[in-house]
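K.L.:
Listed in order, the protein sequences are those of chains A and B. The numbering used here numbers the first residue of the first sequence as 1 and each following residue consecutively. The numbering used here numbers the first residue of the second sequence as 1 and each following residue consecutively.
The reader is advised that the hints may include incorrect statements.
Unchecked claim - Calculated pairs, SDA-like style, for lysine to any residue (alpha carbon to alpha carbon, straight line, at most 25 Å):
| # | chain 1 | residue 1 | chain 2 | residue 2 |
| --- | --- | --- | --- | --- |
| 1 | B | K40 | A | I83 |
| 2 | A | K84 | B | K40 |
| 3 | A | K5 | B | H141 |
| 4 | A | K154 | A | I198 |
| 5 | B | K107 | A | M1 |
| 6 | A | K40 | B | V110 |
| 7 | B | K40 | A | Y105 |
| 8 | A | K84 | B | A35 |
| 9 | A | K5 | B | K67 |
| 10 | B | K40 | A | T79 |
| 11 | A | K40 | B | V28 |
| 12 | A | K84 | B | N34 |
| 13 | B | K107 | A | K20 |
| 14 | A | K40 | B | K89 |
| 15 | B | K41 | A | E78 |
| 16 | A | K63 | B | E39 |
| 17 | B | K67 | A | M1 |
| 18 | A | K63 | B | K38 |
| 19 | B | K41 | A | D85 |
| 20 | B | K41 | A | F82 |
| 21 | A | K5 | B | Y143 |
| 22 | A | K40 | B | E31 |
| 23 | A | K131 | B | V110 |
| 24 | A | K84 | B | K41 |
| 25 | A | K63 | A | Y105 |
| 26 | B | K38 | A | D85 |
| 27 | A | K131 | A | A96 |
| 28 | A | K40 | B | K67 |
| 29 | A | K63 | B | K67 |
| 30 | A | K20 | A | S81 |
| 31 | B | K40 | A | N72 |
| 32 | B | K107 | A | I119 |
| 33 | B | K38 | A | I119 |
| 34 | B | K38 | A | E77 |
| 35 | B | K38 | B | K89 |
| 36 | A | K40 | B | E145 |
| 37 | A | K63 | B | K27 |
Calculated from the structure, these hints are not laboratory results.
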Amino acid sequence: MIKIKEKTFNEIVDSIEGFKNILVLGCGGCASVCLGGGQKEVERLCVNLNIFFKSELSSRVAKGYTVERQCNITFIEETRSFIKDFDAVLSMACGAGAQYMAEIYPATPIFPAVNTIAIGIDREVGVYEEKCRACGDCVVGFTGGVCPVTRCAKGLFNGPCGGTNKGNCEISSNIPCAWVDIYNRLKSQDRLDNILKIRPVMEWQNQTQRTVIQNR
Amino acid sequence: MTSNHSILFEQDEPSSEQKDLVEISKKVCVEEINAILKEKKHQIATALKVCAHCTLCADSCFLYRSKEKVAEHMPSHKFITSIGVIYKKKGKVTMEELYEMRETLWKRCVLCTRCSCPLGINIPELLAIGRRILRSQGVYHSYSEN
Numbered sequence: 001m002i003k004i005k006e007k008t009f010n011e012i013v014d015s016i017e018g019f020k021n022i023l024v025l026g027c028g029g030c031a032s033v034c035l036g037g038g039q040k041e042v043e044r045l046c047v048n049l050n051i052f053f054k055s056e057l058s059s060r061v062a063k064g065y066t067v068e069r070q071c072n073i074t075f076i077e078e079t080r081s082f083i084k085d086f087d088a089v090l091s092m093a094c095g096a097g098a099q100y101m102a103e104i105y106p107a108t109p110i111f112p113a114v115n116t117i118a119i120g121i122d123r124e125v126g127v128y129e130e131k132c133r134a135c136g137d138c139v140v141g142f143t144g145g146v147c148p149v150t151r152c153a154k155g156l157f158n159g160p161c162g163g164t165n166k167g168n169c170e171i172s173s174n175i176p177c178a179w180v181d182i183y184n185r186l187k188s189q190d191r192l193d194n195i196l197k198i199r200p201v202m203e204w205q206n207q208t209q210r211t212v213i214q215n216r
Numbered sequence: 001m002t003s004n005h006s007i008l009f010e011q012d013e014p015s016s017e018q019k020d021l022v023e024i025s026k027k028v029c030v031e032e033i034n035a036i037l038k039e040k041k042h043q044i045a046t047a048l049k050v051c052a053h054c055t056l057c058a059d060s061c062f063l064y065r066s067k068e069k070v071a072e073h074m075p076s077h078k079f080i081t082s083i084g085v086i087y088k089k090k091g092k093v094t095m096e097e098l099y100e101m102r103e104t105l106w107k108r109c110v111l112c113t114r115c116s117c118p119l120g121i122n123i124p125e126l127l128a129i130g131r132r133i134l135r136s137q138g139v140y141h142s143y144s145e146n
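Chain B extracted, bound-state conformation:
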C-alpha cells in the first residue's frame, strides 16, 4: 500500500500562502506517482486515446453550465490537464504543477460523478486517480482555508 498521506501539519499553522510556498519547495516522489500510474495505466491511456474532444461531456457538468461555460470546467479538459499531463510526463511533474492541478481537481470538480462521455470514458474515475496522485504527494484541498 502506498500511503496517500504526507507529514502532519504543525499545531501553529502558517497562512495558506506560506504553507503553499513551503509545500511547493518539497520534492515530488516520482516512484509513488508511477506506482499509481502503473496500476491505472490502461484506463488513463485508453481515455486519452479515445477522447475525441467532442465536448459532449461539457453539458453534463453542472459547474460548466453555471460558470459561463468556460473550458476549464469542461470534464474532458479537467482530466486531460491533470491526470493526462501527469501520465504524459511519466510522473515527472513539479510540486508547483501539482498545486495548479489541485485547483482543477478540487475547485473545478466536486466529483458528483454525473459527467458522461458518449464514448464511455469514465471521467470521474480519471479525476479520482488524479486526486489520488496529488494526495500521495500531500497535495489536497483544505476546507479550513476557504
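Looking at chain A on its own, in the form it has when it is part of the complex:
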C-alpha cells in the first residue's frame, strides 16, 4: 500500500499560517494502515495544534474529521456539509487524496500534513519498506522479483554497473546492490539467461499523467 509520513510540526504550522479555522482531515485507507494519517493521528495533530494556538493566545482552532478514503468521491461527499465552515484543510491522506480534495473543493486551500513516501510492504507494524515506484512497466518477472527501478540507485534495467562493490552499492556500503540480489535470485532459480538479455531502456511514462481504465 501507499506509505506516508507526517511532516514536521513546524512545517505544518507554517503552511496554515494566516488561516483561523483549520480542518484536519484524516484518511481511513492506506494512510491509516501505515499509522500516518488515520483517526488516531488526526486526533493527536489536532491536540498539538490547539495547544500551539493557545500558547500563542490565538483564537485559531483545529478540528478533526476522518473520512474512509480521500481518493474516492463516495467518501469525500460527507464533508461537503461542513467544509465551508473552515478556512483551510490539512489533509493527512497521500498526495492523491489531497489533490482530489483540492479538485472537489477548489475554493478551499488544501495543505498536506504528510509526505507520501512510497508504495511499500509491511515489515512489521510501523516498519515499512519501499518496493515499487509505479513506473508503469513492471520488469520484476525478468529480474527474479527484485525491482531495479526501486532498488538500484541508478534504476538500471541492465546491470550490475561498474560501481557494484562486494555485493553492495557504490553509494553506500550499507545498501545492497540490487543487481547482485537479482543475479543471486535468478541463479537460485536457474534462470540466469534472463540477466544476459539486454532490456530496452524504460520509456518513462510518468512524464504525463496516467489514467487507468480497467476492462470489466
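With the hints as your guide, set chain B onto chain A.
P.N.:
Below, chain B alone, put in the same frame as chain A:
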C-alpha cells in the same frame, strides 16, 4: 459538523484488551448517531426495504469468496447487521454492540467498493455510514494493534 473524533489516547497505552474494556464502559452519544442517521435516512431505509436477501452480492466480495463463503462476509449481511441494526434501534445501541460492529465493518470489509447489488443498493456507502457512526463514538480499527 459533528466531529467523528473522541478523546486523545494516552501516551502510555494500555493493552488493546484493557483499552477495549475502558472504551466499552463509555456511553454512546445517541444524539450524535441520530444526527448522522437523519442525514442518511433515505439511503438506509430504502436499502433495508429493497434488499431481497437474494445473496447475489456475495460473489462480488473477494473476502466472501476467499473466506470459505461464510455468511458474515456477505456484503448484504455486513450492512444489515451493522448500519441496519443501528437504524432499527434508532441509534440506541450500546458501546459493546458498536465494538462488535467494528469487527464487521473493518475486519470483514476493506471498503474496496467492488461489491454490487442487482437492485442497485450502494452497499459500500452504507458500510461507510456505519463506519462514520462508529468513528463518531471513537470506535475504529487501530492498525497498530494487529
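K.L.:
Now look at each hint and say whether the structure bears it out.
P.N.:
Here's how the hints hold up against the structure:
1. This hinted pair checks out: K40/B and I83/A have alpha carbons roughly 18 Å apart, not beyond 25 Å.
2. This hinted pair checks out: K84/A and K40/B have alpha carbons roughly 20 Å apart, not beyond 25 Å.
3. Restraint check: the Cα-Cα separation between K5/A and H141/B comes to about 19 Å, which is no more than 25 Å; the hinted pair holds.
4. A threshold of 25 Å between alpha carbons decides the hint, and for K154/A with I198/A the separation of about 16 Å falls inside it, so the pair holds.
5. The suggested pairing of K107/B with M1/A holds, with an alpha-carbon distance near 17 Å, which does not exceed 25 Å.
6. Distance check on the hinted pair: K40/A and V110/B sit about 18 Å apart at the alpha-carbon level, within 25 Å; holds.
7. The suggested pairing of K40/B with Y105/A holds, with an alpha-carbon distance near 22 Å, which does not exceed 25 Å.
8. Note on K84/A and A35/B: the hinted pairing holds, with a Cα-Cα distance of about 19 Å set against a maximum of 25 Å.
9. Distance restraint check for K5/A and K67/B: the Cα-Cα separation of roughly 33 Å exceeds the 25 Å cut-off, and the hinted pair is therefore not satisfied.
10. For a cut-off of 25 Å, the pair hint linking K40/B to T79/A stands: about 13 Å separates their Cα positions.
11. Restraint check for K40/A and V28/B: the C-alpha separation of about 19 Å stays at or below 25 Å, so the hint holds.
12. Of the supplied pair hints, the one linking K84/A and N34/B holds, its CA atoms being roughly 22 Å apart against a limit of 25 Å.
13. Simply put, K107/B and K20/A have alpha-carbon atoms about 38 Å apart, too far for the 25 Å limit, and the pair is violated.
14. A hinted pair counts as satisfied when its Cα atoms are at most 25 Å apart, and K40/A with K89/B does not qualify at roughly 28 Å.
15. Restraint check for K41/B and E78/A: satisfied, since their Cα atoms lie roughly 14 Å apart, inside the 25 Å limit.
16. Restraint check for K63/A and E39/B: the C-alpha separation of about 21 Å stays at or below 25 Å, so the hint holds.
17. Restraint check for K67/B and M1/A: satisfied, since their Cα atoms lie roughly 22 Å apart, inside the 25 Å limit.
18. With a C-alpha separation of about 23 Å, the suggested pairing of K63/A with K38/B holds against the 25 Å cut-off.
19. Our distance criterion of 25 Å between C-alpha atoms is met by K41/B and D85/A, whose separation comes to about 24 Å.
20. For the hint linking K41/B to F82/A, the alpha-carbon distance of about 19 Å falls within 25 Å, and the restraint holds.
21. Distance check on the hinted pair: K5/A and Y143/B sit about 15 Å apart at the alpha-carbon level, within 25 Å; holds.
22. Restraint check for K40/A and E31/B: the C-alpha separation of about 23 Å stays at or below 25 Å, so the hint holds.
23. About 22 Å separates the Cα atoms of K131/A and V110/B, which keeps this hinted pair within 25 Å; it holds.
24. The hinted pair formed by K84/A and K41/B meets the criterion: a straight-line CA distance of about 23 Å does not exceed 25 Å.
25. Between K63/A and Y105/A the CA atoms are separated by roughly 18 Å; this keeps the pair inside 25 Å, and the hint holds.
26. For the given pair, K38/B sits about 21 Å from D85/A by alpha-carbon distance, which is consistent with the 25 Å threshold.
27. For the given pair, K131/A sits about 19 Å from A96/A by alpha-carbon distance, which is consistent with the 25 Å threshold.
28. Pair hint K40/A plus K67/B does not hold up; C-alpha atoms about 29 Å apart against a cutoff of 25 Å.
29. At roughly 39 Å between alpha-carbon atoms, K63/A and K67/B are farther apart than 25 Å, so this suggested pair is violated.
30. Straight-line distance between C-alpha atoms of K20/A and S81/A comes to about 19 Å, which keeps the hinted pair within the 25 Å bound.
31. Proposed proximity of K40/B and N72/A is supported: the alpha carbons are some 18 Å apart, at most 25 Å.
32. The straight-line distance between the Cα atoms of K107/B and I119/A is roughly 22 Å, inside the 25 Å bound, and the hint therefore holds.
33. Between the alpha carbons of K38/B and I119/A the distance comes to roughly 39 Å, so the proposed pair goes past 25 Å and is violated.
34. Using a Cα cut-off of 25 Å, the hinted pair K38/B and E77/A holds, with the two alpha carbons roughly 16 Å apart.
35. Between K38/B and K89/B the alpha-carbon distance is near 13 Å, which keeps this suggested pair within the 25 Å criterion.
36. Under the criterion of a C-alpha separation no larger than 25 Å, the hint pairing K40/A with E145/B is consistent with the structure, at around 12 Å.
37. Annotation: proposed proximity of K63/A to K27/B holds, straight-line Cα distance about 22 Å (limit 25 Å).
Going through the hint list in order, the structure does not satisfy hints 9, 13, 14, 28, 29 and 33.
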